[in-house]
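**Q** Numbering of the sequence shown is given in this note's numbering, commencing with residue 2 and proceeding in unit increments.
A few of these clues could be false.
[What the hints assert, rightly or not] Here are the computed lysine to aspartate or glutamate pairs in the EDC-like style, where the Cα-Cα straight-line distance is at most 20 Å:
hint, residue 1, residue 2
1, 299, 19
2, 205, 237
3, 311, 154
4, 210, 161
5, 229, 161
6, 62, 129
Keep in mind the hints are simulated off the structure, nothing from the lab.
All figures in this text were calculated on a predicted structure; none of them were measured in a lab.
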Amino acid sequence: MTYSSENKVDGIVLVTEDAQEYLNPRQEVTYREHRRNITEWMLALGKNPEKATGYSHSTVKNRMNRLDLFYRFIWDRKGRYVQELTTDDADAWMRHLATEEMKESTKNHYQKAAKSLFKWKREARNKDVKWEPEIEYSDPSTTYTPRDYLTKEDRRKMREASMEYGSVPHYNSVTPKERSRWKTYLSQRLQKPKEEVTMKDWQKANSFKYTSMIHVALDAGLRPIEIKRSNVHWVDTQNGVLRIPREESSKNRENWIVALKEETNSILKRWLDERETREKYDGRDALWLTMYGNRYNKDSFRDVFRKIAKEANLDLENRDLTPYSIRHSTATYIAEQEGLAVAAQQCRHKSKRTTEKYEHSSTSRQQDAVNNID
Numbered sequence: 002m003t004y005s006s007e008n009k010v011d012g013i014v015l016v017t018e019d020a021q022e023y024l025n026p027r028q029e030v031t032y033r034e035h036r037r038n039i040t041e042w043m044l045a046l047g048k049n050p051e052k053a054t055g056y057s058h059s060t061v062k063n064r065m066n067r068l069d070l071f072y073r074f075i076w077d078r079k080g081r082y083v084q085e086l087t088t089d090d091a092d093a094w095m096r097h098l099a100t101e102e103m104k105e106s107t108k109n110h111y112q113k114a115a116k117s118l119f120k121w122k123r124e125a126r127n128k129d130v131k132w133e134p135e136i137e138y139s140d141p142s143t144t145y146t147p148r149d150y151l152t153k154e155d156r157r158k159m160r161e162a163s164m165e166y167g168s169v170p171h172y173n174s175v176t177p178k179e180r181s182r183w184k185t186y187l188s189q190r191l192q193k194p195k196e197e198v199t200m201k202d203w204q205k206a207n208s209f210k211y212t213s214m215i216h217v218a219l220d221a222g223l224r225p226i227e228i229k230r231s232n233v234h235w236v237d238t239q240n241g242v243l244r245i246p247r248e249e250s251s252k253n254r255e256n257w258i259v260a261l262k263e264e265t266n267s268i269l270k271r272w273l274d275e276r277e278t279r280e281k282y283d284g285r286d287a288l289w290l291t292m293y294g295n296r297y298n299k300d301s302f303r304d305v306f307r308k309i310a311k312e313a314n315l316d317l318e319n320r321d322l323t324p325y326s327i328r329h330s331t332a333t334y335i336a337e338q339e340g341l342a343v344a345a346q347q348c349r350h351k352s353k354r355t356t357e358k359y360e361h362s363s364t365s366r367q368q369d370a371v372n373n374i375d
């Protein structure tokens, strides 16, 4: 069938011939505009709304075709046209797909299309909707190569750098001339006039915030979203663990107990004491806030990571180091030393299959194997 230009966005068909059979002329108009909004958003913003990055044309075309199947399935099921599909509708579709003779990778593609719909509702329509599928489909054929991860030496350097980054000497240990120079530095760093820099600002410069953030991230393999969601009530310094409740975990699947090094636990205690003196934390549960009083997001945490990595003299130019390099290294070394089960628990992987992605990443382990074969 030949479709009119009005019924396309960049060649992607909005109302298919199969969908037209369900629709009266008025419903066809609303469905077309509904699909147009989704298509344009996916092309322009769908992949990463914060960076205005859209999906590729082929991805959008395929997902819109699959969404058309989703809508028609629900219309058949309900015996009428509906435009607002719910997470219950999506779960019903997933249960239906479970009975179909098709590859799991194909079912996974249908699931991704449905997830894109709910992402559009959240990001473009400000709807408070989040879909956690009853049935999770995966693509077993997908190959996965972790990005460059931190070596054990890198991890040691990151811990040390986090304790040195931004530090200043004690106020009384410097000469008036040196103190003036340090005040100039602090005024630039704190973005305030030099004459307004106080003793309190001097003390803040030696904060435990970044130190605690990096140490906890290294121990727990925190995802950037977990840095953002981290709350004070997660911290159990008496037992040296993080207790992440199901409703605040990144996948909303389980309650997690995550072990911390004794050193990290001590640093966290110091940070919690310091945090109590910071006015911007009053009435807030966030474990860490930016200079502007916001929770850290993936971009602001990446800035912290890069600053500490530079302080540690890590090669950011020739290595693919990102905040996820912390997580990859935690999973790799715990799997190597204690096995997949322990690594899966520490890194909050529901399935050990996920942890297996990191099990063979350590080159030192590969070298040991090579050395032992002859």
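**Q** Any hints this thing doesn't respect? Which numbers, in order?
**A** 1, 2, 5 and 6
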